[in-house]
Amino acid sequence: MYRHFFIASFILFMASGLVFWQQNRSPKPVGITPTITGQVEYCLTCHADLPEISQSHPVETFGCVLCHGGEPLALTADLAHSTLRGGANPSDLSVVEASCGGEMCHSGTPQVNRDHIQRVTTSLQATYAGAVAQVRYAFSAEPDLTARMGIYAIDGLAAFDPTAESSPALQAFGSNCLSCHLSAQPLEAEEYNRWSGCSACHSPAPREDGTLVHKLTTSMPYTQCNACHNRGNYSLSDMQFHPREDAPTDRLHDFYQPIAEFTRCEWTLDCEDCHTRQEAMGDGHIYSSKKDIQYVRCRTCHGTLDSLPLTYTITDENDLALRLDFLNPVVDLKLGDTILMTDKGEPLWNIRVIPGEEGTVPTYELFSKATGERFTFKPVMGSTCQQKPDQQEARYCHECHATQR
Amino acid sequence: MRPSFYNHLHPPTIPAAQARLRYTLGAGGLAVFLTLVVGLTGILVTFYYTPTPEQAAKSVQELTFLVPFGWLMRNLHYWSAQLLILAAVLHLLRVVFTGAYLPPRRLNYLLGLSLLVICLFMDFSGYVLRWDEGVHWALVAGTNLVRAIPWVGEGLYSALVGGNQIGAVTLIRFYAWHLFGLTIILIIIGIWHIFRVRRDGGIAVPPPEIRSDQARIPRKVLARREGLAMLWAAVVLISLAILVPAPLAPGIQEGAASVSESLAPWFFLWVQQLLRLGDPFICGVLIPLGALLIVALVPYITPQRLSSTELGRWFPRGGRNVQILVAILGGMIILLTLLALFHH
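Chains as they are written, first to last, in my numbering: chain A, 1 to 405; chain B, 1 to 344.
Just chain B, with the same shape it has in the complex (with noise of 0.2 Å):
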């Protein structure tokens, strides 16, 4: 057999059990696949984007209006990103409810949750390219968040902002963390991620000696549902950019006064009303980075008790402690998530 990358990629053959939807629900697979047309939709945005305070807004418009199939590039960058998300969201839940974080597999765990951390930062970034009053409110609070740490936060703010207030370098950073600060350790961590899904065996599941179902299917069959996989979600994709567009707002002007909504990006609904509960630090730094910990904390938290017996199902008894717990954090990340739209 050649050992070429694609062959690398896929194994000659690989348990069935590994490859079912109903237990992996392919959310890990659709996080690689939105990836890559993030990416591709990202490299086709910039040659029409201008990363300055005055432009900004004004070539994301021309990207919309004028320049043909200009809208539907950006609506699937939007798109693929917020799906890409989800889907991570979705994947890590996967992992947890499904045990699939035990040794040998924990460093992969790490690798992934980074993985999360790394794609959160780059959507908030991509959020703030667009510099109009839809997001003026957002960049103000976020920005002075970081400042709101004791000791380090005036010069981390002073690093992420370019100086002691928002401008025209605030842009050009977030340009530079979004099109390659991020990205490139992205793609490290990325590959790296995908290489100890290998390196540890494949999607977990029982070991041969006391696995159930013996069956296994060759790559070919893996490909193609792979590619059936990636159909169904360009399906999805095309009709969301279709159908919902990506938002617009006016540009900010420079020296007005926000005339912005006051609502953060989706995903930090939840922060934003954490905020509304007291220190800016403890209640917006503090206690995300908390609730970050545990999550990371979970391949360590009585590990014993699960075993790889009950590897390859959903709700294994033995981690029944991780999984309340991951399901109360959820739970409450949801919670504050719609009480900060109501709020609003």
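Chain A with its partners taken away, still in its complex shape (with noise of 0.2 Å):
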């Protein structure tokens, strides 16, 4: 009888060891409270090596649950991670309005430039809207080439259903053609590795051996487009898509090739110095072709023989230009300084007119968004160039100043 008190007793200390040691195994909880929600969260108990993921989303103020999701008190990885929005990315167009938006944040007004979901939803790269008007009148599927349907319905389009479709050759393209839109998973391979969603552009793509960078950045080297824009061709005539064959060893060969000839700033800058915000991810309208919203010109920064490129003097410290230099300054923009705009009135927020060098023709400065490479240059005011007032289209600058590849 003794014996089995001593062999339970033992047995049951044991296991009492086993507590203490199960106690002391838990992680120490390490907590913040974020100052907008107030409520503590716990995520950086595990996640502590993170780095911030922008300037414009300090840990501080915003927390991880805000965005994210997730259990903000869990310590354990399945309970903690049940919740998450979107999975590793809660910019995914599913859950965006829930981890992005609020009036504060990315689904505002247009009047304080806080509406990027809004545009972003019903912009081209997001409905692929072009893409399938081109495809099912080239078929016989659309009488004209009005955008009609998109990947989702939005705003006035269906969605588009490959399997309703009569014609094979609209049914291949929806099996084959439709790995680039922000809404898709991209292709199994490692030069077509990105995001969806916001961070198809605005994060970079997880690396080679898996892992993940916590990144959300305004600064995008021509090669973050590279994953959709520079892979390859689609063909109509046997609806599939043909990887490029090529192995580029420079910029030249490397940037965007189904453009055979470029100017030299179109190889040397990259695509976010003329590609506007607006043009990227539209402007809250549905649009039938990429060429309806894309608008800037040569002239848009470098001017006519008869009038300079619009600029404007930043006298409001709550401009856009300011903002955007924070995200990604690149430039040391203050209130006074003069800065180059588009024709609908987007700043160009990188190029400035020098300080110093007003005059009848001034000297620009621009600063590469991705690099901080400073250029300067003159307009074409005051200039020998041969251009026609009314032939202002790339192909005609192209004639004189492009490089042949």
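The set of hints was computed from the structure by calculation and includes no laboratory data.
Just so we're clear, the structure is a prediction, and the values are computed from it rather than from any experiment.
Be careful, since some hints might not be right.
Unchecked claim - Computed footprint of chain A on chain B, listed as stretches where at least three residues anywhere in the stretch have a Cβ under 8 Å from a Cβ of chain A: (1) 49-62; (2) 67-80; (3) 269-280.
Glycine included, each C-beta is placed from N, C-alpha and C at the ideal position.
Please dock the two separately framed chains into a single complex, following the hints provided.
What follows is the structure in structure tokens.
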């Protein structure tokens, strides 16, 4: 009898030891209480080594749960991650409103430049409405090139359903050619690697070894756009994607390959130096072709023989240009600086009239958004350029200024 | 001998046959021990639990992750509760299969059966208090089952849920049932049940004249055996508490549709499987009540065939009828439970 007591007590003692061991093993909770939510969250217990995602989303203000979802009090991975929005990517378009939305965040009013989600979800890159319209028109499913369908239904567009199409070509289009819109999962290969949603552009793609980069940025080199825009060509004749076969070794040949000729600035600068926010993210309206939303021309920066490029002087401390410069400080913009502006009033905040060199024909300085490199240039006015006033498309400038690849 | 509470509960000697583990399986005593553990750990976790829909699941997570040894108290509470159901069922089966329901033990049999029913409701009400996605479906389905009862269904549902839909009031009512309503009834009937054991002459064995084994054991030996059993039970409980944590899930979001798995708690899986067969009232209320009634009537089904000479051993011939009946019923419940698991 006593032997049994001894054994049972010993095992109970060991079990109690295990209890203390288990308690010590539990991670010491590391909590933060973000100022926006006021609710404590313990994500940093395990994720303390994550870098700040961006200077505009400091963790002391936002925390983690506001954007990512998840269980703020849980210290086991399964429970903590069980209610994550969009898995590792809360900016996926299916959950972007809950993660990035809000009047003070990214689904506010255009007047305060906070309507990103409305613009992106109606943009061509998200709806793919242009490609769908073109292909359906090509195979007689539509009477004209007006956009009627998108990847998802929004704002007058119906959802494109390849299985409901009668033409086998359109069904093949649905199977083979829909891997490059913002909701699509990319093709399986290193060169196509990217996120979906906002992060498709604003976050670096997962690394080769599979680890992720916790970053939101507005400084995107052309390689960021390459994942979709520079991988090859679609062919309507066999409804296949044909990956590019060259192995470029320099930037000129690695750069955007559909165009055979570039001017020097077109392959020296990055895509985002010319393609403005409205061009990339839309302006909230449904368009049928990218030609309708892309409007920046050579003359936007260089002007014409008769007119200088549009500019304005920053007088408001809440000016969008100053906010954009804060996000990507390649320029030391301040009140009183004169910067370039597009026809639609978008600030080209990284291009400035060089202070002190105003004059009749000013000199401008451009700071690359991706690298910060500084370039200076003079406008067309006062130069020996041979252009005609009504011939302002790129192909005319290319006749003299382009490099053949 | 001083009439102390301990001495009152433990007679100076008892027949050795009553204390044999292979006879009683120690199931009744185990149930008492588990009730004490579940009650004590329940009091401890009450200090950290908040019975509002927004805070309930959060407070459970706080207890689990942030309170030192909170995880232990919650897991002990969970495991002692589930093992209590198993111990109570085992004890019921032991009583039936050893014929220990004969007079004068008929009332005690019914008291014990009602204790099992109360424990099942305590387990369910405690389950609901988690107010997370793991219990969401069971909460909705379980309360809707009450509604299916003709005539009184709507009224009962209203009383149970505190309105015409599940909300903050429902949580408070389940909290009140779990902490007070059911607990008080459990304590009263539990004490009565244990009192009746003594009043009815202890654990059922043949009367002294015909008893083959006349050995008796003193209360010291009985106490030692009880102590040893408690030690082993504690070892099992703590091991389970460390190795298999109690379930946790994200809290129920107000207004959002239920995203939980549609699985009943394990002790009601057989009812869930029954519900797949047809009308909720018949399959979900009448049939389970019918099963309960059959079990309750065991002492009244051909009791004359079983004599007290056959007591003290398993599967006495005179009790064959009820043994087969209960075995079939138990087998069906187990089968339904397994089907429900595989169906899922």
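Hint by hint, here is what the structure shows:
| no. | hint | verdict |
| --- | --- | --- |
| 1 | 49-62 | holds (count 3) |
| 2 | 67-80 | holds (count 4) |
| 3 | 269-280 | violated (count 0) |
Checked against the numbered hints above, the structure breaks only hint 3 and satisfies the rest.
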